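A.B. asks: Protein chains in written order, with our numbering: chain E, 18 to 309; chain Z, 150 to 377; chain V, 1071 to 1304.
Hints are computed from structural coordinates only; laboratory data are not their basis.
All values derive from a computational prediction rather than experimental measurement.
It is possible that part of the hints are untrue.
[Stated by the list, open to error] Sample of chain Z residues with no beta-carbon within 12 angstroms of chain E, all distances over it, derived:
#, residue
1, I154
2, D217
3, Y370
[Unchecked claim] Here are the simulated distance ranges between beta carbons:
#, chain 1, residue 1, chain 2, residue 2, range
4, E, D194, Z, K219, 46 to 56 angstroms
5, Z, I366, E, E302, 45 to 55 angstroms
6, E, P184, V, A1082, 50 to 60 angstroms
7, E, H54, V, L1140, 47 to 57 angstroms
Cβ atoms here follow ideal geometry from the backbone N, Cα and C, with glycine treated the same way.
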Amino acid sequence: MAEANTGSTWFERLGALDRRVIFLLIALAVIIPLVVHYTTTIPASRIVLDLYEAVENLPSGSKVLISFDYGPSTAPENQPMATAFTRHCLEKGHKIYLIALWATGPRQSQQLIDEVIKVEFPDKVYGEDYIHLGYKAGNQGLINALLSDFNSMYTSDLAGEDIEGFPMMEGIGTLKDFDIILAIGSGFPGTKEWVQFAGDPGDIPVGGGTTAVMAPLLYPYYPKQMLGFLGGLQGAAEYEAALMNGYPKYRTMTRRASTTMGPQVTAHLVIVGFILIGNLTYLMERRKKRKY
Amino acid sequence: MKRSIPLLITFLVGVALIVAMFIPHWPFDVLNQNFSVFYDIIAVFAFILGGGNLLKVHIRKVQRKGGDWKYSLVTIIGFFLVLGAGLLKIGVPGGWSGDYQATGSLFKYLYDSAFQPLQATMFSLLAFFVASASYRAFRAKTREATILLVAAFIILLRPTPLGYYLTFWLPEPLQFLHVPNLSTWILSVPNMAGQRAIMIGIALGIVSTSLRLILGIERSYLGSEGKG
Amino acid sequence: MEDTPILASPLAQTISLWIAALLTLMIFSFLYKDNPAYKFAEHLFVGVSAAYWMTVGFWTTLIPNLMAKLFPSRMGTIFPVAVGNRAEYFYIVPLVFGILLLTRLYSRLAWLSRWAMAFIIGFAAGTNFTRYLQSDFVTQIHSTMIPLYEPTGNIMTAVGRIFSNLVVVIGVVCALIYFYFSKPHEGSFGKAARVGIWVLMAAFGASFGYTVMARVSLLTGRMSFLITWVQSIF
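Excised from the complex, chain E in its bound form (with noise of 0.2 angstroms):
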């Protein structure tokens, strides 16, 4: 760093700038936008609006199975998915069965529960249009055991309850008998393995969201194996847009992703600048190089 500083040009002091200053510059740009709450929304896409629309052609009454396999590590991402995927469909009026491949997933689906379910449709009964059936392990052959038999893998659910006891519960023997599976994922298992071990083998239309990371990863299955899915938080943000377009209620309400899509895009426009500096000083270093 003093090195740099000494008798050197501009550009070769700016190319050599301490990590610290980078770290600092982009905790101020998350940091000021969640102060000043500066909010953002994000018109929905395609492959969004493709799963939208298939929660919402499902009539009323339609099984929706829930997988939470991601944690605390990626919840900023995924809970607020897990969010507009239940409000959806419980604005529609399906039920929904919350499982997961993560040992961490059920904090969340349990969350999702405290803080969504029983605060915005408290008219919801538990056992009859939503069920918490919590963690197995296994990761596929968790999927793999379901796709043949629900049952020999899921006889209680979270609270230790027989679920044979839940009205709910009634018609369903295997994966086969839900009419969707929305897979909120963040690697493995996850998104993918719902498609590979369910999906496909089952015949079963899948959906869902993933990280960002995994997100690129997942086009090769659209729209032939998954009906659409959310990247990250932008995806989320796109499914919020497409809910509030459907349910103006929305407009008005609390939207989880939204929120936090403003630090997002500034954070963005600061790693832009920081591409296009680099650039800049590695050009101006270059033609240096080739003038002497």
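Here the structure of chain E is known, so what remains is to put chains Z and V in place on it, guided by the hints.
C.D. replies: Leaving out everything else, chains Z and V in the frame of chain E:
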């Protein structure tokens, strides 16, 4: 016995599951179902094995007073605290019949105060390093690097107002160059093509590795005695 | 009125918030440089994580899906749903395999764990063989066989679709050619491989853009938590 029985188990289980795909009738459907359930249960023993191994390593470090042994003590204490709280259902309303992670339980308390913030923060650190990398390493040095850079640039601009205002004025025939449209196109056309090629390559690799494992050609999982 | 459990009381919740904030700051301190506070938090994370997965696996799978099947009458208050069910003795198989897996912890008996490993490997190989072949190979090739021309009302849209479909087909084929190393990348084969690299670079660029997006989202989550904590102080 040390080698032939494991090889036989892998062969029988693997072949039964492949056959079950094509003949989903007795006995293969039952084998497929039971093997899946067994696999799920054995997965929990793998968690226990993981925890046991972790303890072994850190206890050894503490015993030998190796470098940073005091931090190993932190790992051991954290491990037993959470394990004890969970297995003994400490603080669970309803005692043994209650939910092990119910509100009020020590297990949930430790999850909220330690596990959740630690895991979330550990992953969020990467944002800083990604930003630093885009400043220092993301340079248009070659044609290939330029393609990568341009694609990333457009994707990053997509949700920003800058991305919108840069190109919204383009006339209708050139609207495909509008940043949001271009971003969608990159994802669903060249990205999809590249990812599909990678996916096909990986699939071929996994299929051939699976065959080698089932037929006993690949034996590295048996350790050093598996050779030969 | 039910009594609030001690750990759910407002004071306990405030302490929990402070511990969480402190641990968050300890991890963030690594951004300045590696230090004892970060090392403490990092080691705590490792221990806590391992125990968390073990506990969850024990209560969600081992008890209801193994113990309750083998010893239903002994489940008592732990898993009352099982009481009265008939024991299913074939569950002794995963129990034996599970115990065999744990022999890996004792070097003298470690060889026995190979039997359990063999089952795990056999299951993974058997299922992956068919699932990858169907979802990631056959269906992907099928999905790439797309019509060059799709009739639409708008000439610009039609031209755009033809171009996109061509990019998809040529892109997949050329990228696959790039992965084929049994033939030297020379002449027209080499040129096709070069086009394949460009397609892959575009895909990696998209991945990089999305990776940035993902990491920023996670940082936003933590910053949002820290702001909540600071607000709780004042």
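A.B. asks: Against each hint, give a clear statement of whether it holds in the structure.
C.D. replies: A quick look at each hint next to the structure:
Every CB of chain E is more than 12 angstroms from the CB of I154 of chain Z (nearest about 22 angstroms), matching its label as outside the interface. At roughly 24 angstroms, the least C-beta separation between D217 of chain Z and chain E is larger than 12 angstroms, which holds for a residue marked as non-interface. No Cβ of chain E approaches the Cβ of Y370 of chain Z within 12 angstroms, the least distance being about 17 angstroms, so the stated non-interface status holds. Range check, D194 of chain E to K219 of chain Z: about 54 angstroms between beta-carbon atoms, so the 46 to 56 angstroms window is met.
For I366 of chain Z and E302 of chain E, the hinted distance range of 45 to 55 angstroms is satisfied, since their beta carbons lie about 52 angstroms from each other. Distance hint check: the CB atoms of P184 of chain E and A1082 of chain V are about 37 angstroms apart, inconsistent with the given range 50 to 60 angstroms. Distance hint for H54 of chain E and L1140 of chain V: a CB-CB separation of about 56 angstroms, consistent with the stated range 47 to 57 angstroms.
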